[in-house]
Structure formats: C-alpha cells, structure tokens
Amino acid sequence: MCKITEELQQIAAELLKEGKVDLVLGYTKGEQEEQSVPCIVTQPEDASKLIFDEYSEKALSKYLLEESFQDKKVAIVLKGCDQRAFKLMQDESRLGREDVYLIGVECPGMKWGEDLSPFCLHCDYRTPAKEDVDSLLTGADIPEAMQGEPLDHEDSFTDINRLEKMSKEERFEFWKRQLNRCKRCYTCRNACPVCTCRVCVFDRENPDYIDRAKDQMAQHQFYHVIRAFHVSDRCVSCGECARVCPEGIPLHLLNQKLLRELDKFYGEYQAGIDEVPTPLSHANADEPDFFGKEGKA
Amino acid sequence: MMQDTFEPKIIAFCCNWCSYAGADLAGTGRLKYPENIRIIRVPCSSRVDSALVLRAFQNGADGVMIAGCHPGDCHYDTGNYHTRKRMMLLKSLMEFMGLDEERLLVKWISGNEADRFKDTVESFTSKLKKMGASGKVRDLRCAK
Ligand code: SF4
Ligand code: SF4
Ligand code: SF4
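Protein sequence lines correspond, in order, to chains A and B. Every position in the first sequence, counted from 1, becomes a number in this note's numbering once 6 is added. Counting from 1, position 108 in the second sequence corresponds to residue 102 in this note's numbering; the numbering is continuous, with no gaps.
Since the hints were derived computationally from the structure, they do not count as laboratory data. For glycine and all other residues, C-beta sits at the position ideal for the given N, C-alpha and C. Don't take each hint at face value.
With a Cα cut of at most 20 Å, we get these calculated SDA-like pairs of lysine to any residue [said to hold, decoys possible]: (1) A:Lys136 x A:Gln276; (2) A:Lys174 x B:Met82; (3) B:Lys130 x A:Arg187; (4) A:Lys174 x B:Glu29; (5) A:Lys270 x A:Ile148; (6) B:Lys130 x A:Lys117; (7) B:Lys124 x B:Glu29; (8) B:Lys130 x A:Glu176; (9) A:Lys174 x B:Glu89; (10) A:Lys182 x B:Gln52; (11) A:Lys174 x B:Lys130; (12) A:Lys270 x A:Ser162; (13) A:Lys174 x B:Lys124; (14) B:Lys130 x A:Leu185; (15) A:Lys23 x A:Val80; (16) A:Lys171 x B:Glu29; (17) A:Lys117 x A:Lys136; (18) B:Lys130 x A:Ala135; (19) A:Lys182 x B:Lys130; (20) B:Lys130 x A:Ser173; (21) A:Lys79 x A:Leu108; (22) A:Lys55 x A:Cys45; (23) A:Lys171 x B:Ser128; (24) A:Lys270 x B:Met82; (25) A:Lys171 x B:Lys121; (26) A:Lys174 x B:Gly126; (27) B:Lys130 x A:His128; (28) B:Lys121 x B:Glu96; (29) A:Lys55 x A:Pro44.
Residues from chain A that keep clear of chain B, each with C-beta distances beyond 10 Å, as calculated [said to hold, decoys possible]: (30) Met7; (31) Glu13; (32) Asp28; (33) Val80; (34) His128; (35) Lys136; (36) Ile148; (37) Glu179; (38) Cys203; (39) Pro294.
Taking the hints into account, I'd like the entire structure generated from these sequences.
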C-alpha cells in the first residue's frame, strides 16, 4: 500500500471516530484494476476502503454542492487541480471554506489510456498549497516523466499545434468528423468541476433561445462553442471533460485553445491559483484592440 | 453567375448609444447603403455574446456585424472592452474550428459617423458576396 493511501485511511478513521466530520469523500478501487471510483465513507471501520492512486482522476469537488451534503460536515480528498476547482467555487461564493475539511494529496500524475495525461505533464500545481488545506499528504511515487519541470503548453497539447498548421478546410473536416459523433449526453459538462451552474444554460426550458433538440443540425457545435467559452478562463485543466466522453471526442482542445489565446494576449493566468479575478470577468482600456486598427474615423 | 445574383444576409447588432444612431443618421441623411443588412438594436455591444452570434449564423445569416462605440466612449464605461475581448476569442475559436471567422465583423462606429456606417456595410456586403453563402455553421453535423 502506498504511503498516501495509508495515511489517508488513518486520517479518515480519526476524523470519523472523533466526530469531526460526518463523511469522507474520496476514492476506492473500481471493478477493474485500472479504475478508481468516488467513494463515501461514513464509518471509521470503512476507512480502509479509501485509496489514492494514478487512476483517481475523477474531480470530486463538485459533489460538495449536492443537496444531500448540505447539512453535513464533509472531508474531501483533493489533488492539485481539484483544490483549484474548490478554490474557484469558494471565490464564486458557491461554498464556504470553513464548512469542509480538506485533505490535500500529492498527485503522481493521472493516466490517460496507457500514457500520462497531457494535462498532468503540463501541470505545475500537482500538490495543493499547505496553507489551503487542513491536512496534506505527500510522498507519492512520481513517474520519471513527471519529475522535473512541467512541459510547456505547446509541448503538452501538440494536437493544437497540428490543427493550427492545417488549412481551414482540413480543420473544418477534422471538427466535423469529431463533433458529428457527439450525442450531447452532456457527460463532459457533468464531469467538469467548473461547470457548477445551478441551472445550466443547456438545461433551460427555453428552446427558442438555445434550440436544443429542435434542430439537430449544428446544435452540437453550438454546445461546444458555448461551453468552451463558459470554461475558457475558469478551466482548472483536470482533463475530465475529454476523458469521460463516450465518443472519445477531444473537446478539451477547444477550451485549451482559448486558454492559450487568453494567456497570449492578456497574460498568463491559472484559475484557482491566481488571486486576481478570472480574465473574462473584467476588461479595461489597456488591453489590445483588434478591431480598431484604422483608428477613430 | 451565382456570385452576381447572391445577396448575403447580414445581421447587424448595433449599440443603442452609437452605431444605431449612426445608422439612423445615415437614414435621415439619405445615404444609401445596401439592403442586405438587418439591424438589431442592443443596449450595448457587450450584450452580444457568442451564443447570439452563433444563433444568427444558424438561422441563416451570411455575415454578422457587431457595431459598438469607439473604445473609451462606452456609455457604460467598459462594455466595449468586454466586447473586443470576447469577440477576439470567438473569432479565434471559429478559425480553430475551420469556420469562416471573416464573416464576423466587429466595428466601432459613433453616432455621428453615418458615412463610416455606410462604408462598413458596403464593404462587408461586397466581401460576403465574394465569399458566397455561408453553410458551415448551419450544417456541420449533417454536412456530406
Ligand atoms: S461527453 Fe462527448 S458525446 Fe457527450 S456531450 Fe460531451 S462531447 Fe458530446
Ligand atoms: S473544462 Fe475540462 S479540463 Fe477544464 S476544468 Fe472542466 S473538465 Fe477539467
Ligand atoms: S456549460 Fe456553461 S452554463 Fe452549463 S454548467 Fe457549464 S458553465 Fe454553466
């Protein structure tokens, strides 16, 4: 058993025994070896179910908004990206820090099929900051590729570079092939830890505005562009949206592209780490003007 | 041959405080501008989010124009700063998806710039005429 799992079970058992929390939200082993699933533990003797490994990718923070947890004291296991998502919810006044016990864990980098997640290879925030959590568990077995400096965005998300080099028609064909498979099951939205809206625009009962299934054509395109925008500056780069897609659509490339543009034009920003408000929540005179080159007529 | 008869449809979102007045002035000054344009008055150019632009394309627009006050002149101080930030992103996302980002035009036009309004509509119309009808946003899913 790895060191983090061992300590996690200890802490969970203690917290429950002492009555400091009503439940611990973490991961347990799934049916397959290469699968870890969310798990709720309420009894100290069940704490031994909890684990943390390179398959513990599911972002748990959003569960805290669940109705059934509202009157409970919850302890939750958070990797770096999950803690960023928690921080964002806190900044957006969705929940209070004092209501939750945070167990930060050092992330060894999550699997992405056989490989390591490109998100993790690019990540420089694997472990939550000590002062942001109540307990911090470190000592993960870090694979070689994850040691040393994280990769630049260009070196992690090489598909974006590849697409940028294509002709417009090739790009169109690429996205047609990809998005044609979309079932609009919204699993990507449901898994995303920053898609936390009380009523999502895609669940609104107002088909005149968003047109949902009324016109099958182009609705997937509408969905993907709008969602990419909604998460563009708030994305914590966990990779869940693309990972959960049953059709294997690389939809993360859309909002990673937007992230890259935002960084390029408005300075680098990491949601849930940097203190300033997210880039699209403010705008000012000093920013570049792409539409006024010929000046005031 | 098609090119000669094709009349593009343009949806123009015009800010109430500037471009809409500019269009009005063009009208009262009897400046002739192409009839391809359908104007939708908005309280501020920043009212136009990416969903509205996409909806316009999906409903048959060949071009979408967003006209707002010159930077620094926004009635609400910062509205057009948001517009330019968002629309730059939308254009780059459209480009990334292989869509015709040139069909989305953002322009700053004040209330007394009737000529500028007319010129903008004219040049946008002729550009779209050359490009032909827009189909990509309407039928990406079912496109053969
Ligand atoms: S999870 Fe995949 S198929 Fe489902 S809505 Fe998202 S992109 Fe479409
Ligand atoms: S958009 Fe995707 S990568 Fe970003 S936070 Fe949501 S699920 Fe994670
Ligand atoms: S897609 Fe947009 S509206 Fe829906 S949950 Fe995500 S951020 Fe909210």
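Results of checking the hints against the structure:
no., hint, verdict
1, A:Lys136 x A:Gln276, "holds, 18 Å"
2, A:Lys174 x B:Met82, "holds, 18 Å"
3, B:Lys130 x A:Arg187, "holds, 17 Å"
4, A:Lys174 x B:Glu29, "violated, 30 Å"
5, A:Lys270 x A:Ile148, "violated, 31 Å"
6, B:Lys130 x A:Lys117, "violated, 36 Å"
7, B:Lys124 x B:Glu29, "holds, 17 Å"
8, B:Lys130 x A:Glu176, "holds, 13 Å"
9, A:Lys174 x B:Glu89, "holds, 7 Å"
10, A:Lys182 x B:Gln52, "holds, 16 Å"
11, A:Lys174 x B:Lys130, "holds, 12 Å"
12, A:Lys270 x A:Ser162, "holds, 16 Å"
13, A:Lys174 x B:Lys124, "holds, 17 Å"
14, B:Lys130 x A:Leu185, "holds, 13 Å"
15, A:Lys23 x A:Val80, "holds, 14 Å"
16, A:Lys171 x B:Glu29, "violated, 38 Å"
17, A:Lys117 x A:Lys136, "violated, 25 Å"
18, B:Lys130 x A:Ala135, "violated, 46 Å"
19, A:Lys182 x B:Lys130, "holds, 10 Å"
20, B:Lys130 x A:Ser173, "holds, 15 Å"
21, A:Lys79 x A:Leu108, "holds, 11 Å"
22, A:Lys55 x A:Cys45, "holds, 8 Å"
23, A:Lys171 x B:Ser128, "violated, 23 Å"
24, A:Lys270 x B:Met82, "holds, 12 Å"
25, A:Lys171 x B:Lys121, "violated, 25 Å"
26, A:Lys174 x B:Gly126, "holds, 16 Å"
27, B:Lys130 x A:His128, "violated, 33 Å"
28, B:Lys121 x B:Glu96, "holds, 9 Å"
29, A:Lys55 x A:Pro44, "holds, 11 Å"
30, Met7, "holds, 45 Å"
31, Glu13, "holds, 43 Å"
32, Asp28, "holds, 41 Å"
33, Val80, "holds, 35 Å"
34, His128, "holds, 19 Å"
35, Lys136, "holds, 35 Å"
36, Ile148, "holds, 33 Å"
37, Glu179, "violated, 7 Å"
38, Cys203, "holds, 14 Å"
39, Pro294, "violated, 8 Å"
Checked against the numbered hints listed earlier, the structure breaks hints 4, 5, 6, 16, 17, 18, 23, 25, 27, 37 and 39; every other hint is satisfied.
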